[in-house]
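Novice: Going down the list, the protein sequences come from chains A and B.
Residue numbers for the first sequence follow numbering that gives the first Met the number 0, beginning at 0 and rising by one.
Residue numbers for the second sequence follow numbering that gives the first Met the number 0, beginning at 0 and rising by one.
You may find that some hints are simply not true.
[To be verified] Subject to a maximum C-alpha distance of 27 Å in a straight line, what follows is the list of computed DSS-like cross-link-like pairs (lysine-lysine):
#, chain 1, residue 1, chain 2, residue 2
1, B, Lys195, A, Lys66
2, A, Lys101, B, Lys24
3, A, Lys57, B, Lys149
4, A, Lys26, B, Lys149
5, A, Lys73, B, Lys149
6, A, Lys88, B, Lys149
[Said to hold, decoys possible] Reference listing, derived: stretches of chain A covered by chain B, where coverage requires no fewer than 3 residues with Cβ under 8 Å from a Cβ of chain B:
#, segment
7, 58-67
8, 86-99
Just so you know, these hints were derived from the structure itself, not from any lab.
Keep in mind that this is a model prediction, so the values were computed, not measured.
Even for Gly, the Cβ is constructed at its ideal location relative to N, Cα and C.
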Amino acid sequence: MSSEPIERRVSYLGDRLRGRRCQICGKEYFEIKDYCGNCGRKSFGKMVDIDLFYDKGKLEVCTFINKPTNKFTKLGNYIYGIISFHNGKIRVPGRLTDHIVKDNEEIDLSAFEGRNVVPRFRRRYSVGKSDVIPTISLAFTLADEYYPHQKYAIMKPNKEYDAPGIVGYGVYISKFRIRERNIERSVPFIDEDAITATVEAGKLALIHSGINSSLVGKVYVGSESNPYAVKPIASKVAQVLKLGEEEGDMQGVDAIDTEFACKAATSMFKDAASLVSYPKSNIQYVMVIGADNSQAAPRDGPGGELDLFVGYGGCAYIFGKHDVIAEVEGWYSCTSDTPDFWRRDGEPYPMHGGRFTGDPAYFKHVRKAAKKLMERLNLKVEDINYFVSHQPNVRFPVRVAKELGFKEEQYSPSLQVAKFGNTYSGSSPVGLAAALDIAKPDERILIVSYGSGAGSDAYSLITTNQILDKRERQKLTVKYQADNPFLEYVDYTTYRRLKLGM
Amino acid sequence: MQNRPAIIAVGRTKFGEHYEKQPEKLIEEAWLKASEEANIERKNLKACYLSDYFLPITNKLGLEEGFLSELTELHVPMEVTRSFSSALLNACNAIQAGRYNMVLVGGIEKMTDRWDKIRDDLMLLEDPWSYYAGCTPEANHELMLRAYIKRYGITGENLEKLNLALAQISVKNHLHATKNEYAQYQRKITIEHVLKARKNARKPLGLYDFAPISDGATALILANEEFAKKFTDKPVHILGASSATDYLTFPAREDMTHFLVSETAIKNALKTAGIKLWDIKIAEIYDQSTVMEMISLEDLGFCERGKAWKCIHESCKDYKGYYEMNGRKLFVNMNGGLKADGNPLGATGGAQVFEVFKQLRGEAGERQVKNAGKLSYGCVLELEGFGTKGYVYILGRD
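Looking at chain A on its own, in the form it has when it is part of the complex (with noise of 0.2 Å):
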C-alpha cells in the first residue's frame, strides 16, 4: 500500500498535470518551482502556474512495452514514451492508452512517433482492494483518433436569463463496444472506472459552456459505481477541474456525491436551479455529474441478465443564468418504497427483483412524473418535441413513450441505448444530451429519469437561441461518438476483463 500523503501529493500534480514557467527565460517544468533554474534568485515571485490538462502534446519517441513492472501486469502491453508539449519546452513521460496491441501484431514505432496526443484522466495502476486508487494524466490518446484536442476558451458571458439552465454540457463514452443482440453497448478500457469518466465528462462540459471553472460553486457527482463506498470522487472532480476559487491546495467548492441508483444525477438538477437562482448563494454555476462502470453479475449468475445490457460512460450539466442553451421550465418529482433493483454494501454486484422491475417500477413512475408535469405546466404531448427517458433496455422507453403518446419522432432522438448500453447514472443525461446536440431554438424537451428504489425525475426545458452558439464548441456530440470509425469492438471475455479494471 502507498501511503497517502505521497499519494495525496502524486495525483495533485500528475492528475492536472501541474507546472511552472519562469515569466523571465520562458523555461517550463513539470514540477511547483518557486524559482527558475536558468534565472535563480531573480525569478522568485515571477514563476507562473501551467497545466497541459486541456494541451495537446506530440510523442516525440516512443517504445513497446511487452513485460511492464509489477503495478502494471494488467495493462498488459502497451506504448510508452515521451511527449513533448509547447514545442519541446517541456516534456513528460506517457504511455498510450485506449490502445489494444494484439498478440502476433507487428509494431512500427515510427508510426506513433511524431503525432499529437492528448492527455487523457486514467487510473495509474493496480493496487490492493483496501488501496486508495491512484490515478494519473500521464496516459494519452491519439488526438487524430477517436478523442480529439479541443481547447478550453473561456468566453465572458453576455446575457442574464429569467430563469435558471443549462449552460453547457459533455457526454463522455469511450471508445470501445461489444456488439450482441443487436445491441452495441460501451466497454471502459481496462484504466477506466466512474471516477475517470465522471472528471472526462467534467472536462467535456466546461469546455462546452466556456464558463470558467472558477466560478463553479457546487458540484454533485451522482453514480452507483463509486469504486469507493466511502469516498468522494466528487472531491477528484473539484481538484482536477478547478472547480471554485482555487487557494493553494484547496478548491473553494463544495462537492458531494449522491446516490438513488439511476437518478442520482437527474435529482440534482433542481437543487443546481435552485442553487443559482438563490440571490445570497453566490453561487453563478453548479456542476451535476451522472456517470457509471454500470455493474453487472457474470452472464450465468445471479443478476447476471444486466449483463446484457450494461454500458459505460458519464454526461455532465453546468447550470446557470447567463448564456443558458437550454432553460428550466419546471420539474416534478415522485418516489416510492419499490425494491426493484439494489446492491448490498460490500457486494461487487447489483440484483434485480425480475418481475418488479418493469411494471410496478418503471413504468409506474416514469408515466406518473410525466404525467403530472404536463399536467402542472398544462402541456400537451404536441406541445414537446423531444420526450427523453431512462433507458435500461431497448423495449422499456418506448413503450413507455407510447403510453404517454408520444409519437416515434418525438422519442427517438434521445433513443442511445442501442449505441451504448445502459450507463446508469447516465442514462438518461445521455438522452437529454442528444435531444439538445440537435435541438433548435424555442424547442421543448421532457426528461423523466428512473431511479430504482424507486423515483423518478421529470423536467421541462425549453432551449433558447444560443444553444446554436455554443453547438460548435463540442467536437464529442453523441453522434460523433456513436458512429466513430475509431471504435474498437470486443470480445465478451475482452469486455468482462475491461470492466473489472485494474
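Take the given structure of chain A and dock chain B to it, following the hints.
Specialist: Relative to the frame of chain A, chain B by itself:
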C-alpha cells in the same frame, strides 16, 4: 604526488545466481581474494568504503556498515554508497587528503533473491513520474535509441547496419566472457540469437541487448603511493577520477541522445591524469544495454557523435579483438561487459576496475589484450541510474 592513490590488489566473486549464499559470504570471498593477493591483514585497513544499490530492499539489510563491521571485526570508519565507483571516489579523496594510508573498497549486490520484484526495484533508479507513466527498466534505453535514430536521420540500409552493430556488441561481449572464469555467461551467442529475441519481443531491443540481473561482490585495496610499495611492486595508479550528475528525469534532459555525465567526467579525468584520450587503449564501459555501449563510446570521445555504429559494424565484420576507431585500436569490455560478465549493481564497477587492473599488469590470462603495443592506460566508465550519475577512472602504470 605523494598521496597518489594506488590499487594494490583486487578480488571478486563469480557473477551470477548465488541463491545458496548469504550476502556476507560474497563480500568475504572478494575481500579474501584481494587481501591474499597482496598479503594484507585486516588491521592494515584504516577505513572501509562499501557500496550496494539496494541490499536494504532485496535482503532487508539496513545500516550495512554495521554488518561489515561484524564481518571484518573491524571498528574503523565505514561508509556505504550506492555504486562501486562512488565508494572508490570517496576512498580516493580520503587517500589524497592524507587521511588514511590504506582502505578497503568493496561492492556487493544480491538481486536474484527477488526475481519476481527486481524489475520494480530497478525503477528506483528512474524518476517516479516515468514509473507512474508505465516505464520499465528497459524502456529508456529503447527511447534513447529511437531519439538517436531520429536525431541522426538514420534510415534504410544504415538503420539495418546500426541494428546489426548493436547485436554485434552483444556477440562481442559474450565472446570476451568465454575467457572470463568469473563471468555470468561464459558462452558464445550469435547475431541470430540477438535478432530473434528482438523479433519475439517486437521491440527495438531484446533479451540479448540487456545486461542480466546478478549476484556478486568485488573488492580492492587502495593505498597511498608510498605505503603501496610495501605490499606490491606493481601498483596500478588512479591517475584521474571524476564524476558528474544529471537530472533523474530522462525526458527533462536537454539532449536525449547522449549522457552528459560521461562527457563531463572523461574531460575532467583526462585533465587530472594529464594524458590524451588516445593514450587510453583499454576501456571498460557500462553496457547496461548495447545502446549504452554504443553511445558511451561517443560520449567518451572515442567516436564522433552519430557514428559509433559505423565503427562498431566495420570492426565486428571480422572481429580481431578490438574496435577500430579513427584508425586506432580500442579494446572494450574485455571481461564481457555487463552483458556477459554480469551486473550486480553495487559490485559492477569493481569488476570493471578489476579488469583494467589485471590487463595493465598483464595478468589477464587468456583475456590479455594482444597486439596493443605498450599498454599504459585504461579507463572505466560507470553510470548510476540511466545516466543520472557518471564516474570515469583513468588507471595507469608508470
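Novice: Can you take a look at whether the segment 58-67 of chain A is actually covered by chain B? Rule is 3+ residues, C-beta closer than 8 Å.
Specialist: Coverage by chain B holds for the segment 58-67 of chain A (9 residues, Cβ < 8 Å).
Novice: Take the C-alpha atoms of lysine 73 of chain A and lysine 149 of chain B, compute the straight-line distance between them, and say whether it is at most 27 Å.
Specialist: Violated. Lysine 73 of chain A to lysine 149 of chain B sits at ~31 Å, over the 27 Å cutoff.
Novice: Okay, the segment 86-99 of chain A and chain B, do three or more residues pass the C-beta test at under 8 Å?
Specialist: holds (count 5)
Novice: Against the 27 Å threshold, does the CA-CA distance of lysine 88 of chain A and lysine 149 of chain B hold or violate the hint?
Specialist: Given that 27 Å is the threshold and the Cα spacing comes to 18 Å, the pair holds.
Novice: Starting from lysine 57 of chain A, check that the Cα of lysine 149 of chain B is at most 27 Å away, please.
Specialist: holds (15 Å)
Novice: Given the hinted pair lysine 26 of chain A and lysine 149 of chain B, is their alpha-carbon gap at most 27 Å?
Specialist: holds (24 Å)
Novice: Hinted pair, alpha-carbon criterion (27 Å max): lysine 195 of chain B, lysine 66 of chain A. Please report holds or violated.
Specialist: holds (17 Å)
Novice: With a cut-off of 27 Å on the C-alpha distance, tell me whether lysine 101 of chain A and lysine 24 of chain B pass.
Specialist: Violated, because 47 Å separates the two Cα atoms, which is more than 27 Å.
Of the numbered hints listed earlier, those contradicted by the structure are 2, 5.
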